[in-house]
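Protein chains in written order, with the working numbering: chain V, 2 to 151; chain D, 2 to 151; chain C, 2 to 151; chain Z, 2 to 151.
Just to be clear, a hint being listed does not mean it is correct.
Any copy, or any two copies together, can satisfy a pair, since identical chains are not distinguished.
[What the hints assert, rightly or not] Distance condition first, Cα-Cα at most 25 Å in a straight line; then the derived DMTMM-like pairs of lysine to aspartate or glutamate:
hint: 1; residue 1: K102; residue 2: E16
hint: 2; residue 1: K19; residue 2: E135
hint: 3; residue 1: K102; residue 2: D89
hint: 4; residue 1: K119; residue 2: D23
hint: 5; residue 1: K119; residue 2: E86
hint: 6; residue 1: K119; residue 2: D107
These are computed hints drawn from the structure, not numbers from a lab.
4 protein chains.
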Amino acid sequence: MSKAVPSEPILTVAEIEKLLEDVFPQLHHGGRTVMVEQVAPMAARLRLIAHERHLRPGGTVSGPAMFTLADVGIWVAIFSHLGPEALDAVTMNLNINFLRKPPHGDVLVDCRLLKLGKRLAVGEATLFSEGAAEPVAHAVGTYSIPAPRK
Amino acid sequence: MSKAVPSEPILTVAEIEKLLEDVFPQLHHGGRTVMVEQVAPMAARLRLIAHERHLRPGGTVSGPAMFTLADVGIWVAIFSHLGPEALDAVTMNLNINFLRKPPHGDVLVDCRLLKLGKRLAVGEATLFSEGAAEPVAHAVGTYSIPAPRK
Amino acid sequence: MSKAVPSEPILTVAEIEKLLEDVFPQLHHGGRTVMVEQVAPMAARLRLIAHERHLRPGGTVSGPAMFTLADVGIWVAIFSHLGPEALDAVTMNLNINFLRKPPHGDVLVDCRLLKLGKRLAVGEATLFSEGAAEPVAHAVGTYSIPAPRK
Amino acid sequence: MSKAVPSEPILTVAEIEKLLEDVFPQLHHGGRTVMVEQVAPMAARLRLIAHERHLRPGGTVSGPAMFTLADVGIWVAIFSHLGPEALDAVTMNLNINFLRKPPHGDVLVDCRLLKLGKRLAVGEATLFSEGAAEPVAHAVGTYSIPAPRK
C-alpha cells in the first residue's frame with residue numbers, strides 16, 4: 002500500500018513557502034505568521050511567529066493557534082515529500098494534548114511522518130518554545146491524500 | 002470523585018454570553034462569531050456564524066474554526082453547570098474527526114458532557130450544518146478544572 | 002465519496018453472529034464473551050459477558066477488554082451495513098476515554114456510525130454497565146475498508 | 002504543577018519486573034508475555050513476546066495486544082520515575098494509530114514521557130517489530146496519578 006513513496010523531501014523550503022503563499026494565503030492574513038524552517042527525511046520544522054491575534058489573556062499562544070501549527074506542519078511534511086499533487090491532502094483526524102502553558106514568544110513545531118503512503122499519511126507534531134526542553138503540546142494527525150487527477 | 006456535581010446548568014444563556022464577552026473578548030474579534038443557543042442538562046448548543054475569515058478556499062469553514070467551535074462548546078457546557086469558578090478549566094486533550102466538507106453557512110455544535118467531576122470533565126461535540134442530518138465533524142475533549150482559590 | 006451506501010443494516014443479528022464465529026473465533030476463545038444484541042440504522046449494540054480473564058484486581062473490567070469491545074462494536078456496525086465484503090475493514094485509529102471504574106457485571110456498548118463511506122467509516126462507541134445511566138468509557142474509531150476483490 | 006518530579010528512573014528493571022508480577026499477575030496469565038527491557042530518563046522499552054493468543058488470523062499481533070503493550074509501557078515509564086506509589090496511576094485517555102500490519106515475531110515498544118507531573122502524566126509509545134525501521138503502531142496516553150494515601 003505504501004510502496005515506492007519517496008522518504009526524502011522533493012521540495013525545497015523556498016518552493017514550499019511559495020506554494021503556501023499561492024494556495025493558502027489566509028495563513029498569512031494580517032501579517033506573516035507561519036514560516037517553514039527546515040525539511041528533512043520524513044520530517045519538517047515550522048515556526049509560529051507570535052502575533053497579538055494568537056494570544057489568549059495572559060499572553061500565551063492560544064489552543065487553536067497551536068492546533069493550526071501542528072496541522073499545517075504535518076501537511077507541509079507530507080506534500081514536501083510527495084510534491085504539489087499532495088497539496089489537496091485533507092486532515093481526517095487530529096488528536097492534540099496540551100502539556101504546559103507556553104511562555105511568551107515564538108512556538109516551533111517538529112513534525113515527523115510515521116507513515117507516508119500514496120493515499121494515507123500519519124504524522125506527529127511536537128510543539129515547543131524556543132530554547133525550552135519540554136514540549137508545550139503534542140499532536141498526531143491522519144491525512145487522506147486524494148488520487149491524482151488524470 | 003464526581004459526586005455532588007450538579008447535572009443541570011446553573012447559568013442561563015444570557016449569563017453565559019455575558020461571561021464570554023468579559024473573559025474571552027477575542028472570540029468576537031472582528032465581529033460576533035460564536036453564539037450560545039441553548040443549555041440543557043449535561044449539554045449545550047452553540048452556533049458559529051460563518052465569517053469570511055473562517056473560510057478556506059472553496060468557501061467551507063476551516064478546520065481550526067471547527068476545532069475552536071468544538072473546544073469552546075464543551076468548555077461552555079462545563080462552566081454552565083459548575084458556575085464562573087470553572088471558567089479557568091483548560092483543555093488537556095482534544096481529538097477531532099473531520100467527516101465531510103461543510104457546506105456554506107453557519108455550523109452548529111451539540112455538546113454533551115460524558116463526565117463532569119470536580120477536577121476533570123470529558124465532553125463530546127458533534128458539528129453539523131443547519132438543516133443537514135449528517136455531522137461534518139466530531140470531537141471529544143478532556144478538561145482539567147483548577148481547584149477553587151481560597 | 003460516501004454516496005449510495007445503505008444507511009440500514011443488511012445483515013441480521015443471527016447472520017452477524019455466524020460471521021463472527023467463522024472469521025474471528027478467538028473472540029470466543031475460552032468461552033463466549035461478546036454477543037451482538039441489536040443492529041439498527043447506523044448503529045449496533047453489543048454485550049461483553051464479564052469473564053474472569055477480563056477482570057483487573059478489584060473485579061472491574063480491564064482497559065484492554067473495553068478497548069476490544071468498542072473496536073469490535075464499531076466494526077460490527079460497519080459490516081452489518083455493508084455486508085460480508087466489509088469484514089476486512091481494519092482499524093486505523095481509535096481514541097478511548099476511560100470515564101469511571103466499571104462495576105462488576107456485563108458491559109454494554111452502543112455504537113453509532115458518524116460516517117459510512119465506501120472506503121472509510123468513522124464510528125463512536127459508548128460503554129456502560131447494565132442499568133447505569135453514566136457511561137464507563139467512550140471511544141471513536143476510524144476504519145479503512147479495502148476495495149472489493151475483482 | 003509539575004515541579005520537583007524526578008526526570009530519571011528511580012527503579013531498576015528488576016524492581017519493575019518484581020512489582021509487575023506482584024500487582025498485575027494476569028499480564029503473564031498463560032505464560033510470560035511482556036518484558037521490561039530498559040528504562041532511561043523519561044523513557045522505557047518493553048517487549049511483547051508473540052504468543053498464539055495475541056495473534057489474529059494471518060499470524061499478526063492483534064490490535065488489543067498492541068493497545069495493551071502501549072498502555073502498559075507508558076504506565077511502566079511513569080511508575081519507574083515516581084516509584085511504587087504511582088502504581089495506582091490510571092489511564093484516562095489513549096489514542097492509538099495502527100500504521101502497518103506487524104510481521105510475525107515480537108513487538109517492541111519505545112515509550113517517552115511528554116509530561117510527568119505529580120497528578121498527571123502524558124506519554125507516547127512507538128511500536129515496532131524487531132529489526133524494522135518503520136513503526137507498526139503509535140499511541141499517546143494520558144494518566145491520572147492518585148494522591149498518595151496519608
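Q) Of the numbered hints stated previously, which ones are contradicted by the structure, given in increasing order? A) 1, 2 and 6
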